[in-house]
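Participant: As a plain string of letters, each chain reads:
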Amino acid sequence: MYLDYAIRRFGIMLLVFALAVSINFALPRLTPGDPVEQQLNQLVSTSSGSVGDVKAIVDSYRARFGLDQPVWRQYFDYWGMVLRFDLGFSLANYPERVSESIAGAMPWTLGLLGMATLISFAIGTLMGGLLAWPRAPRWLGWFAAPFLVLSAIPYFLIGVILLFVGAIVYRVFPAGGGFPFDMTPGFNWATVGGILWHATLPALSIVLAQIGSWAIGMRGMLVSVLGEDYIMLAEAKGLTQRRIFLWYAVRNALLPQITKLALTLGHLVSGAILVEVIFSYPGMGYRLYQAIQSKDFFVIQGIVLVLSISIAVTMFVLDLLYPLIDPRITNKRN
Amino acid sequence: MSGPVLEVADLSVRYRTPVGPAYAVDGIGFNLMPRERMGLVGESGSGKSTTVLALMRMIRPPGEISAGHVRLEGRDVLALSEEDLRRTRFARMSLVPQGAMSSLNPVLPIGAQFADLFAAHDIDPDDGHVAGLLSRVGLPPAVAARFPHELSGGMKQRVCIALAIALTPAVILADEPTSALDVVVQKQVLATLGRVQQDIGAAIILIGHDMALMAHFVDRIGVMYAGRLVETGPVKTVFRSPTHPYTKLLIGALPSLTARRAFQGIPGVPPSLTERPPGCPFQTRCPIAEARCRIEAPAPRPVGSDHLVACHLVGPA
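Taken in sequence, the protein lines are chains R and F. Residue numbers for the first sequence follow numbering that gives the first Met the number 0, beginning at 0 and rising by one. Residue numbers for the second sequence follow numbering that gives the first Met the number 0, beginning at 0 and rising by one.
Just chain F, with the same shape it has in the complex:
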């Protein structure tokens, strides 16, 4: 197999605030192989969605990408001209948005929202093309004539998925595609997303905070904390033997079907993104933190096959 379809290195996004820059994403890096399914999990504010926006180069002022590289199929996304960037979006890297309920233009029928996508990329689709896309996500062709308010939340998200695969991109970024949907529809929509992703042979990055949903879907998982990627590895490895203290606590907090016990949380709150104390961002909540953790920020180190952890105190020293 060829090299990675998406290479991210040292990517940082900061927002200018009155009290100094806030680092929403702080030097993350990972590779995404063709057809691979990667998950990014983390609590609210850990930088998951900002990462997706940064990959699409859609960070708006006062935010900016302050450092890093994003290579999509070998091309430097951060160096593309406005026009090249516009033509790359959705054609090579598409997005399934978080707010499916409000991501479609309320005053244009669905068909028109496919038509302008094709027009923007100088594609003249065949007559049955939109109907074909809709049927691939399990929607009848009549949906093309409907307005967004005439569709249910699940149907709207399916429309968004159909849009995302319309130009057969190499990478699909799915930003909590199911968080606005109810549990039953969540599973169906995620199954649809997985099926069409395999159909067109795209790689996918799935953002979410539902660890269980994630475990069933992705091949590899990355855990984010305070803008950093603290652990990445094959999903089975990470779930079976979580290594970073944060991942351990996170997986320990999952409710169990077999053992009856009180829910466990992680005491404390994430650090302020503007203050950025030296050392490991997790030091204030970490049960095993020691002096070194308060001075030196840990870099991701391999602890096993394809398994990276950013912690001084675990793995082979």
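Chain R with its partners taken away, still in its complex shape:
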């Protein structure tokens, strides 16, 4: 029964995947203007020397990228490329492949945003749970208030403030980059330390901005769960407060939080483009920002495709996990 369910969910994921690839194929072709011509015109207007016969160059580029083929042919070729993880070449840094560019940027984003999101989820959820728990210490409310205020400030603004205070006024943390310039990355503690040192401020700006919203969501859910009859019966049964809090209250209030976490993780890669830009962090967001600035169409297209796929995959994983987390999610169709 679970297998049927998993197969069906997998089918849905494939459908989303196919749609994403098709839309990704169609969108650039629906937009007015020809990227190759634009790129060359830019080249002509900026370079002092002669570029030669623009028309011939355009044609040869078209043939090089397969743009002279009929649309249906291009479509199938595009599928072939996608399935081979071949997303073409970067226009801005020509010999570099889009797939390499993305592969180089992906771990930074996953590391920075993954950690920051998990940390803020863990702290925020626990804090929200305790805020709603009548037996929690009172000082927690005072402690939590600043985070609720911070959640009203956009994360990039917090990023700018942290950058100013932590890297410019006090010069404790680096102002940008993923690791020290003078370091050769390797599998050693110095590298890990350098990476963490550089990740501190960008991660902190995301964590500070998010904790409040996790806490508010969890507090609201926990308050409504505490009104449930099963909490009353648990108390009547003489269970310890700890058991009631963790296994009856938090366990049930957590379910919507986990959905939210999965959605956040799905949008991770695109979630904090501005933070990466502010801290010149070598992740997907910064790469996308650069690509948009330099009209690097294939890189933009590639990153957008990877984003759609990553969301589809997280949703699939969530669908697989959800019945295990909440047994009421039935696998049956009625």
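It should be emphasised that the hints constitute simulated quantities derived from the structure, not laboratory data. Don't take every hint at face value.
With beta-carbon atoms standing in for the labels, derived distance ranges [claimed, not checked]:
1) G200(F) with A144(R): 53 to 59 Å
2) P105(F) with A17(R): 49 to 55 Å
3) A144(F) with S279(R): 53 to 59 Å
4) D305(F) with A144(R): 56 to 62 Å
5) E63(F) with A144(R): 26 to 32 Å
6) R241(R) with A252(F): 46 to 52 Å
7) A141(F) with A17(R): 50 to 56 Å
8) L245(R) with G200(F): 32 to 38 Å
9) R137(R) with G200(F): 42 to 48 Å
10) D228(R) with F117(F): 17 to 23 Å
11) A66(F) with R137(R): 25 to 31 Å
12) A252(F) with A144(R): 50 to 56 Å
In this text the structure is predicted, and so the values were computed from the model without any measurement. Note that the Cβ used here is the ideal one computed from N, Cα and C, for glycine as well.
Using the hints, position chain F against chain R.
Facilitator: Relative to chain R, chain F alone:
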């Protein structure tokens, strides 16, 4: 026989409200003998469920137990420490909840909800223990592996009954255990409750507003009105010769199988619990109220063998 297993005296519960305290339970007292079945009836808001919560000491703020004594097997429940109270719950006095449909944790299998009960009371049950409990309430052992949403309402209530008898308590409080169930299942579940109660030798307090269902189940009945116990007595006596004006009207309102007549209600509404006018709480709706009833609140007085009525105007003066 020994003394009462549960003694309640002058128990009051009030809720703090913006317009002053609301007395949901107002000085009630009764004794429950071992193995006795006592019923508490009354309309919505008369304080039945609040009484049960107060006996378990589970009144949450802004509510509080403002006065009274609750003695369970001689121990003062209201004076127990948090930890002693926790260990007393379900071990000596258990609860069959009102909302059977929603009283089980939806994300834990039934077996786990027995396991944490045993763990909380430091009991290491034998392998077949849960299966044995389930079979006593008429459920197959496979139910232990099920989640609450996989069971019917009647099955969930049976699970709750099995939980309530798991530690062989001396008193079971059953708060409208059948109100969420349909009529056929109601009878079966109540029969099960009665059978296991006799098996383990517990006394039971059954809360309800279905007088007919109550009449078949309990030995003694207490009628509540506006937070007070207006009449208590053996169920046969109270049904045959109701004495308090409220009980008279209540029993008069029961539909009859033999005589065809229009339904009768009791005109008026119960008094506000925050205002508490002096005198008898029933004075505004009472057909025989007189001047004295508006000044002085009546205390329960014996009018017969084991039969108490809180009314100035009835019984031996």
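Participant: Indicate, hint by hint, whether the structure satisfies it.
Facilitator: Hint by hint, here is what the structure shows:
Between G200(F) and A144(R) the beta carbons are some 54 Å apart, a value that agrees with the proposed interval 53 to 59 Å. With their beta carbons about 36 Å apart, P105(F) and A17(R) fall outside the hinted range of 49 to 55 Å. At roughly 55 Å, the beta carbons of A144(F) and S279(R) sit within the given window of 53 to 59 Å. In this structure, D305(F) and A144(R) meet the distance hint of 56 to 62 Å, their C-beta atoms being roughly 59 Å apart.
Between E63(F) and A144(R) the C-beta distance comes to about 29 Å, which sits within the given range of 26 to 32 Å. Roughly 48 Å separates the CB atoms of R241(R) and A252(F), a value that falls within the hinted 46 to 52 Å. The beta-carbon spacing between A141(F) and A17(R), approximately 43 Å, falls outside the hinted interval of 50 to 56 Å. Evaluation of the 32 to 38 Å hint for L245(R) and G200(F) yields a pass: the beta carbon distance comes to about 35 Å.
A C-beta distance of roughly 45 Å is found between R137(R) and G200(F), which places it inside the suggested range of 42 to 48 Å. Range check, D228(R) to F117(F): about 21 Å between beta-carbon atoms, so the 17 to 23 Å window is met. A66(F) and R137(R) have their C-beta atoms about 28 Å apart, which keeps the hinted 25 to 31 Å range intact. The supplied range of 50 to 56 Å is met by A252(F) and A144(R), whose beta-carbon atoms lie about 55 Å from each other.
Checked against the numbered hints above, the structure breaks hints 2, 7 and satisfies the rest.
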